[in-house]
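Asker: Taken in order, these protein sequences are the chains called A and B. Under my numbering, the first residue of the first sequence is numbered 1, with each subsequent residue one higher. Under my numbering, the first residue of the second sequence is numbered 1001, with each subsequent residue one higher.
Hints were generated in silico from the structure; no laboratory data involved.
Part of the chain A face toward chain B, derived, beta carbon under 7 Å:
(1) S24
(2) A25
(3) G63
(4) R97
(5) G158
(6) V264
(7) N274
(8) T275
(9) Q333
(10) A334
All values derive from a computational prediction rather than experimental measurement. Even for Gly, the Cβ is constructed at its ideal location relative to N, Cα and C.
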Amino acid sequence: MIRFIPFVWRNLLRNKLRSLLTGSAIMLAISLVCVLRTMPDGFDQFLNSLAKNSRISIHNTAGIVYGMPYAYLARVRTVPGVVAAASWSWFGGAVDRDKGVGFPNFAVDADSIGVVFEDLGIDPAAIEHFRTHRDGALVGRQTMKRNGWKVGDEITLGSTVYPVDLTFRISGEIPEDRDPRMWFQRVYLEEALKAQGIQADQVGMIWARIDQAELVPGVMKQIDDMFRNSEAETESETEKSFFQNFFGVLEGLIVVVMIVTWLVTACIVFIAANTASMAVRERLRELAVLKAIGFNWRLLFGTLLAEATLLSTVAGACGALLSLGLTRILANQAAANPAMGPLSGFVVTNWLLVQALFIAFFIGIISGVVPSFGAARRSVATTLREVF
Amino acid sequence: MALPIGYPLRNLAHRRLRTGLTVVVIALVVIATTLFLGLVSSLRRTLVSSGSPDNLVVLRKGSDNDGSSQLPLEAYQALRFFDGVAKDGQGEPLVSPELVVQPFFFTADGGRENVLVRGVEAQALGVHDEVRIAEGRMFEPSKGEAVVGRGVASRYLGAELGQEMRFGRGRWKIVGILESGGSSFESEVWVDARELAADARRAIPYSGLRLKVAPGADRDALIRRIEDDSRWTLGAKPETDYYAKQAESANLFYVLVVGLAVLAGIGAVFGATNTMYAAVQARTAEIGTLRALGFPRSAVLQAFLFESMALAGLGLVVGVAISVPLAFAVSQALGGIGFGMSTFSTSVITLRVGGFDIAIAGILALAIGLGGGLAPAWRAAQLRPVEALRKG
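Just chain B, with the same shape it has in the complex (with noise of 0.2 Å):
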């Protein structure tokens, strides 16, 4: 025989302030472990889901970014027919020869950052088929004219649409906003190639390129095709597999968020245990009484888990219930937080305490209540009825 749900409740709404204490430790450790996992899941979801596995990037090799490389005309008008290489409606290849430029953008507060503007020609769209004109519309070719993703016109002085902003050595009007479904093209700002090209006064027009792959053709290939070719030293690899690597300056960051989560949860269950220890003490003659009339062990055990675990619960409700708009407003007041000191461009990332963040943080609190209660648990089912009863 169970003791009924109510027991374990109104045991916790009896003391209200030990309750109420415990709950807000746990609640803390819930909106620190999911603002910090937030952070994580929120980088790695911008860049993870930046590309599409059928492009490749094609940069000089060794370049781990789009910034630094440089890539020679002839190589570009080779590429294109290579075997593999997809091909649109019209039997144009989808080569899109881009020229990155990394010019300071500046930030209502002030902030200098260096903001990736990808100079790119008809094709683009064409190539990157995540990317699309969300506001406005796309550029037209030498007229001055930029299109910027959604996190760039947030984040910058004169970057939203139909403003002129000064960049690089030039004005610019915005006359589109690009939206790729949160990936890191929304941190970007495409502008024609050749006219990136006379503002950054580059000789060589185009710093890299993407390709998409044909169905149907050897992905593979087409790469061991390009980077053998003795001509240029040049490096490919899936789009994918190139913003999955720059993901990788998260890991550190990852290391740091389990040991906060690990550490701050076994703090927790040390607040716990204290509180649910307290009320075993607290209700030694009840738990005697109880056992008196006849209730087993489980049945205590059970209620006094329950307890602990509904601590917990309740520590979890409160913390995810403060995180997700805490996380949403620290990311409006700061226009989004900034990160890629490796590729030397700003990736702007909206912070969001997602449903993942969310799960593992409700795990975390699992954790607790179980860590919390099974000792003191134990300890009530164990007393014996004559002695717990003396002892009242």
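If we strip away everything but chain A, and leave its shape as in the complex, we get (with noise of 0.2 Å):
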């Protein structure tokens, strides 16, 4: 059969403008795909990547910005089999008020606030410096990026919740490309706020930290059930969960972005069975010709097969190389637009590649074998009797 690729690449190049626009469309469709499938993928693998600890939320069951007390936190930190726990409160906090909040900003408790979430790995030496310096703040890598911000600088916030600005102290990074967060101590706030006369003994949420996966469930039980009938019933759950149901708004554009994939992919079909068709119309007679001189139909079939699917391959490879390119002025964009939340990293993984090459081979064979089997079947002689 090898011996046949350069026959086969010989018929492609016959009709060279007809392969280069079948080629060029395929390359287009595919690229679409890739960048279109970013956005689901981008959503599950932010899940996936949470799925691995064992860390919970806990929040009052009216909703997040309903609070619980702040005493909750030492309450939290006595069940059995939590390893450690801090809260978590919205500051709000806008570098410039006129801009509004251009990312996400927490008080937090910073004694315990590392060892929660050891597994960002974040440098002990910041969380050290973090710990020990009132106006320490670890501030994700987007943002710093996004900022132009360098450990050690002075940045204040003024923030759109409560009445105060803070000037805080980047102590380090959290290193994760895309996480925008910032992390300053809780007792920084509570200091500017009880200057002002507000008693600040509210907070927003509180992660617990539970290393043995089994005892998840009991402890979010055991947690609920502690606060039960109070002011503030809470609620718990996993990582995962909390996000899930935090991004669960988008799943409706998550639909439409998947049915739009699959019209684009349905649109490679069809451009390349139309190729098809029209390359296998136009051979009948040769065919005819390579039959009755004794090749067999199976053969014929194969090449007719492999001309279209390697096209629709190599149009495949060039449409997912040029996916790259497309998504990278889409983060671009989409940098300054955090809207979408984790669908907007338009990062093309090896995986989806991958998976765009055996969808761009796959449809090259769907879309050749209709009209090349019919044309490989053809009686020779009917087909000379209509062609001479």
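Combine the two chains into a complex, taking the hints into account.
Answerer: What follows is the structure, encoded as structure tokens:
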């Protein structure tokens, strides 16, 4: 079969314009498929990255904005199985109040946050600096980059929730390219509020780390039972479940994106099938001659199929490469616009590239089968009678 | 002398498979584009149509959404008597103090979303003159009653008229349905401000206020006066600007949609070009005959261009015929498309492929028809009759 590859290639080059047009159409479509698939894929990856840890989120059953007493933290820490726990409160700090809140920033408990989020791989020295400096802050790499900040820089955020401005010194980085979060010490905020006569005794959420996965359901139940029938009943859930719910609102968008992806994929099938049928129709006479001089129909079917598949796979490979460039443009756009959360990373993973090649390969086969089979099985006598 | 219109049309009907495949390609591109475009324009329609230019949103400076703001009571009391604030028939200032809280609501398929619950007082409907009670009645204060937006009623469990539902810490009876011409108020729930403050344990009962500027008053002067007041750090902006800013989150989608439409469109042009080239090639002898009969080059050019345009037109019709009901079905199945990561509350968007989206798809199809037909038609027109006839 290998020795027929040059023959297949020659056939493709016979009508260069057509092959080029078809190839380009497939290339564009495959690149679109890749780009679109980055959206649901990024979402899944984000959730799966959270499945590994056994951190839980504890918040008010009524809603995240409902808050809980800060005193809950101490009680959560006493539950057997909880390795460490830290509270977490929205500050709504903005670099420039006129421009609004550019990234999420939270007041956290400095003594335990590093332990609770140990898996983020923050430099222990940075955590130590953060813990020992009241105005310290840990900032996600995405936010560092976007604002051009370095470790050691001094930054001031004006809260859009409380009537305070706070100045921080960056202790270190949360080393994750797409992490926008910033953490600072809760006591620092408490003091600033106290100076204004405001009591800060509420927290938005508590994160607790539980090392043994099998303990998680029991610990969650124990915590929720502990606060049942109180002012603020709690709901505990795993980190994955929390973010699944938090970003669950994007589900509708994902459905639409998936539909569009399927439509574009179907498009490629039809473009390729059209071309294959044209190529075959033109060559009916030649195929009849080949069969008449003794080539069997299976071989002819194989070469025709190979032709469609080769074209589509090569075009698919180009499309996959093109998508790398396209996603870079989109990712830059998305950086200025966090509205789509984990959908807007636009990262084409190797796995997506491999899938795109497979899609292209199978589309080639599917599109080639019907016309090639018909042509290869056609009776020689009929064909020759028709065309001569 | 031009060729009769029936000629290109019959030609399309003659090569059914090839025409069919190309029409399907164009139709798929049209569906994909209109669906995506419909999503963006539905989102924009919802946000941009919200609010009135005569209304000001007053929040803590820097808050770009109601939920994260707090407004001192004294500020409310003072602002009511600022110059330029409209008054109703009884001489009451049209200032609506509001508290926004986002409790969890649950969708039928178990999703948990933050829904904007707006605690309001008697002036609310006077200030928000686009909002009306479409069914049922307005809530009565301190009776645990709520009115819900149209989008909320259809998306969340227990949110229909007459039902009782849990959100926040309490139980609420749904006594009315809000409508506001499809704008984002239809994704909200309205309850009594004091009840909501008690439910959410808020010491400061208001997160912000909305006020109506008196007709003829200087809006910008009023904004300056509010913002420059050194007692509070407040920000004021026209309601329309406030929602337009939220609509910016749709911009990324625009980039995506335009990119998709252009790339898919180019792909379809290539597909159409192939089909038309094949058509020209198959009909070489016929073209020679036509030319020999005395039809000028322009007639041949026109006929082939028309054929290509008809192909694209057919694709457009098929595509739109599928995408409009498809969008409707998707929207129904999902109870509206949720959106709104930036404001921490869910906007429920009815996905609709509208006239604008179809018009854009029409332009795209036109471009595909022209782009795909031009080169082949040109080649057909350039054929020399003698050689063309010999080829047949």
